[in-house]
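S.K.: Take a look at the letters that make up each chain.
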Amino acid sequence: MSVLAQQLLLGVLIGGLYGLAAAGLSLVFGVMRVLNVAHGELIMLGGYGAFWLAALMGVDPFASLALVIPGSLLLGAVLYWGLFGFVVRAHEEARVKNSLLIGFGLALALHALAVRLWTADERSIPTSYGGAVFTLGDLSIPLVRLATLALALLLIGALQLLLSRWRWGKAIRATAEDWQAALLTGIDIRRAYLLAFALGTALAGAAGTLVTVAYSVSPSIGLEWTLKALIVVVLAGLGSMLGTFVGGVVLGVAEAASAATFGGPYREIVGLVIFVVVLAVRPRGLFGR
Amino acid sequence: VTAAGHERHWALAILAALGLLALLPLARPREDTLNFVFLVLLAITLAESWNIVAGYAGQVNLGHAAFFGLGALVTRTLWIGGTPVLLAMTAGAATATVFALVIGVAAFRLRGAYFAIGTLALGEILRTTVGNVLPEISTLPAATIASYRLTQRYYLAIGLAAISVVAVAALASSRLGLGMRAIREDEEAAEASGVGALALKLTALALSTALAGLAGGLFAYYHISYYPAHPFGPHWTFDALLMTFIGGVGTLQGPVLGAVLYVVLKEYLALRWVDIHLLIFGALFVAIVLLLPGGLVQAAERARGMLGRARPAA
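Sequences listed follow chains G and V, in order.
The numbering of the first sequence is our numbering, which starts it at 278 and goes up by one.
The numbering of the second sequence is our numbering, which starts it at 389 and goes up by one.
In isolation and in its complexed conformation, chain G is listed as follows (with noise of 0.2 Å):
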C-alpha cells in the first residue's frame, strides 16, 4: 500500500511538470491556433541552458529560471519572426496543418542540432541539496521534486494573473476568444500573437529547467515532453491554465497507477491511449462544437 501511495505521490510531482510543460503549447495553439510540435525541443533548450549555466557558471538551478525564462522570450520572438509568423496568415485548417509541418522540420533540426553540439548524453545537475529527502509518515518526498512542483504551479499562476490583469494579457485572450472581434476593437492582433508565442516558449523554458533539476536532458527528450504536452493539452482542453496543471497532474497520477498496475515499461501507454480515446470522442478536436 505504502509502494504504491509512494509511486502516486511521485506521480502528482512530475504532473506538475507536464502541467507546466502543457501549459505553454495551450497558449500558442489556443491564441494562434498554431501546433508547435517542437514544444518538447524548447523544453530541451531551457533545459540545456540550465545545464550549462550550472556547469560553467555555477549558476544554481533555481536561480538559473531568472535567465533561462528571459532567454527563451528572446527565443520564441525570434521563431516568430523567422518563422510562425508566416504561418498566422493561412486561414485555419492550413494553418494548424503548415504549423505542424513547420514545428517538426524545427525539432528535426534542434535536435540533430543539439546532439551535434552536446552529444546524445545524458545531462543532470548536481546540487548540495539534491539528495535531500522530506519524509511524512511511511512517504518520502524528494525536496527538489517538490520544489518543482510548487514552481510550476508559482509560474502558472503568474501566467493566469498576466492573462487576466495586463492589457497585453487580456488582448491575448481577446484574441484566442475571436480574433476577428479583437481586430474590428482595434487590437493588433500580430502583436497579440507574437507575445503568446514568446510567453509559449519562455514556459517551455521554464519547463526544461526544472526538468533538468529534477530529472535529466538529453537532446532526445523532445518527443516524449511533446507528446506529453498533447495529452494533457487534450486532456485538459483550452482556456484555463489552472486547469491544464490539473491534468499534467492527472497524466502523472494515471501513469503512476498504471505503471504500478501493469508494470513500469507501461507507463508511456496510459497517456497515449487517452489521448486517443478524447481524440475518438471529440474527432473535431478541441474547437469542435
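Honestly, the hints are just simulated from the structure, not real lab data.
A few of these clues could be false.
Claimed, not checked - Short derived list, chain V residues pointing at chain G, Cβ under 8 Å:
{"id": "1", "residue": "V448"}
{"id": "2", "residue": "F487"}
{"id": "3", "residue": "L498"}
{"id": "4", "residue": "A504"}
{"id": "5", "residue": "G506"}
{"id": "6", "residue": "L510"}
{"id": "7", "residue": "T516"}
{"id": "8", "residue": "T517"}
{"id": "9", "residue": "I664"}
{"id": "10", "residue": "L667"}
{"id": "11", "residue": "V674"}
{"id": "12", "residue": "V677"}
{"id": "13", "residue": "L678"}
All C-beta atoms in this analysis are idealised placements derived from N, C-alpha and C, irrespective of residue type, glycine included.
Given chain G's structure and the hints, the job is docking chain V onto it.
M.R.: For chain V alone, coordinates are given in the frame of chain G:
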C-alpha cells in the same frame, strides 16, 4: 503534355533506371555498393507509400512506422518459422493493411492536424507495446546466416520499388486518384460533388500501408539482427515525410528524387558527422514548407519556366 501523360513519362524513366540497376550485380560490385543501392530502393518504396496518403489524399499520417513495423514483425516471425519469404511478406503486408483499415475508420474522423497527432500517438502505442513484449534482439538462425545472399534482397528491393512506382503512377492517372486529389483540395466540396471521402481515404490508406508492410517485410528479410521495436520507431515515418516533401509531395517523381538525395547525403555525411543530415534536412524541410510547398519538383518546373521565358521567340 497532360498531367497523366507527365506521370507516365516519369514512370517509364524511373522503371528504366531500375532496370539498369538490376544489371548492377552482374558487374560484381563491392558489397557496400549493393547495400547502399538497397537502402536507396527501400527508401523509395517507403517514401512512395507515404506519398499516397499525404500527396494524393492529403492526410498527413505520422503513424506510418507502425505499418512498416507490423510488416517487419509478421514477415520475420513467419519466415524464421519456415514460411517462404514472399508468402511471409504478403502476410505481413496483409496484416498491416487490415490493421490500417480497422484504425482508419476511427482515425479518419479526425481532420487535418488531429489526424496527424492521432496517428503519431497510435504509432507510439504500438512501438512501446512491441518493445515491452519483445525486448530481446531478433537474430537469424546460424543456418540462415550461412546461406544469406545479398543479391536476393537486392532484386527484391528493385521489385518493390518498381511496384510502388507503378502503383502510384496508376493511381495518379485513375479516377480513384482524381477523387483523392479532390479530397486533398477541399474535402467538403468533394463530398458535395459526390466523392465518397471516407471510402477513398481508406483506399489510399490500404494501398499505402500494404506497400509499407511490404517494405517492412523486406527490412526483416534483409537484416541479420535488430530489435523488434526498431522498425516501429517514429524516425521511419519522419524519413518518409522528409523525402516526400523535399522531393515534391503529390507527384510521382518527387519522392524518388527525395529518397535518392536523402540517402546519398545521409550516407555521405555520416562518414564525417553522424546525424548531421537531420539538421540539414530539417532546415531544408522548413524552408520548403514555407517557400516552396511543391518541393524540388516545383523548383525544377519554375526554373524551366523561367528559362523558357528567357529564350527568344524563334
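S.K.: Hints first: check each against the structure and report whether it holds.
M.R.: Quick rundown of the hints versus the structure:
1. For V448(V), the interface hint holds, the least distance from its beta-carbon to any beta-carbon of chain G being 7 Å, beneath 8 Å.
2. Annotation: F487(V) was flagged as interfacial toward chain G, and the flag is violated, the nearest CB pair being 14 Å apart, outside 8 Å.
3. Nearest Cβ of chain G to the Cβ of L498(V): about 5 Å, under the 8 Å cut. The hint holds.
4. With 8 Å as the threshold, the beta carbon of A504(V) comes within range of chain G, its nearest partner Cβ sitting at about 6 Å, so the hint holds.
5. At a threshold of 8 Å, the smallest CB-CB gap from G506(V) to chain G is about 5 Å, leaving the interface hint in force.
6. Given the 8 Å rule on beta carbons, the hint for L510(V) holds: about 6 Å separates it from the nearest Cβ of chain G.
7. Taken as an interface hint, T516(V) checks out: its beta carbon lies about 5 Å from the nearest beta carbon of chain G, inside 8 Å.
8. For T517(V), the interface hint holds, since its Cβ comes within 8 Å of a Cβ in chain G; the closest pair sits about 7 Å apart.
9. Contact between I664(V) and chain G, as hinted, is supported at the beta carbon level, the nearest pair being about 6 Å apart and thus within 8 Å.
10. This hint holds: L667(V) has a C-beta 4 Å from the nearest C-beta of chain G, less than the 8 Å allowed.
11. Satisfaction of the interface hint for V674(V) is found here, the shortest Cβ-Cβ separation to chain G being roughly 4 Å, below the 8 Å cut-off.
12. Taking 8 Å as the C-beta contact cut-off toward chain G, the hint placing V677(V) at the interface holds, the least distance being around 5 Å.
13. A distance limit of 8 Å between C-beta atoms decides the matter here; for L678(V) the minimum to chain G is near 6 Å, and the interface restraint holds.
Against the hints set out earlier in the document, a violation occurs for number 2 only.
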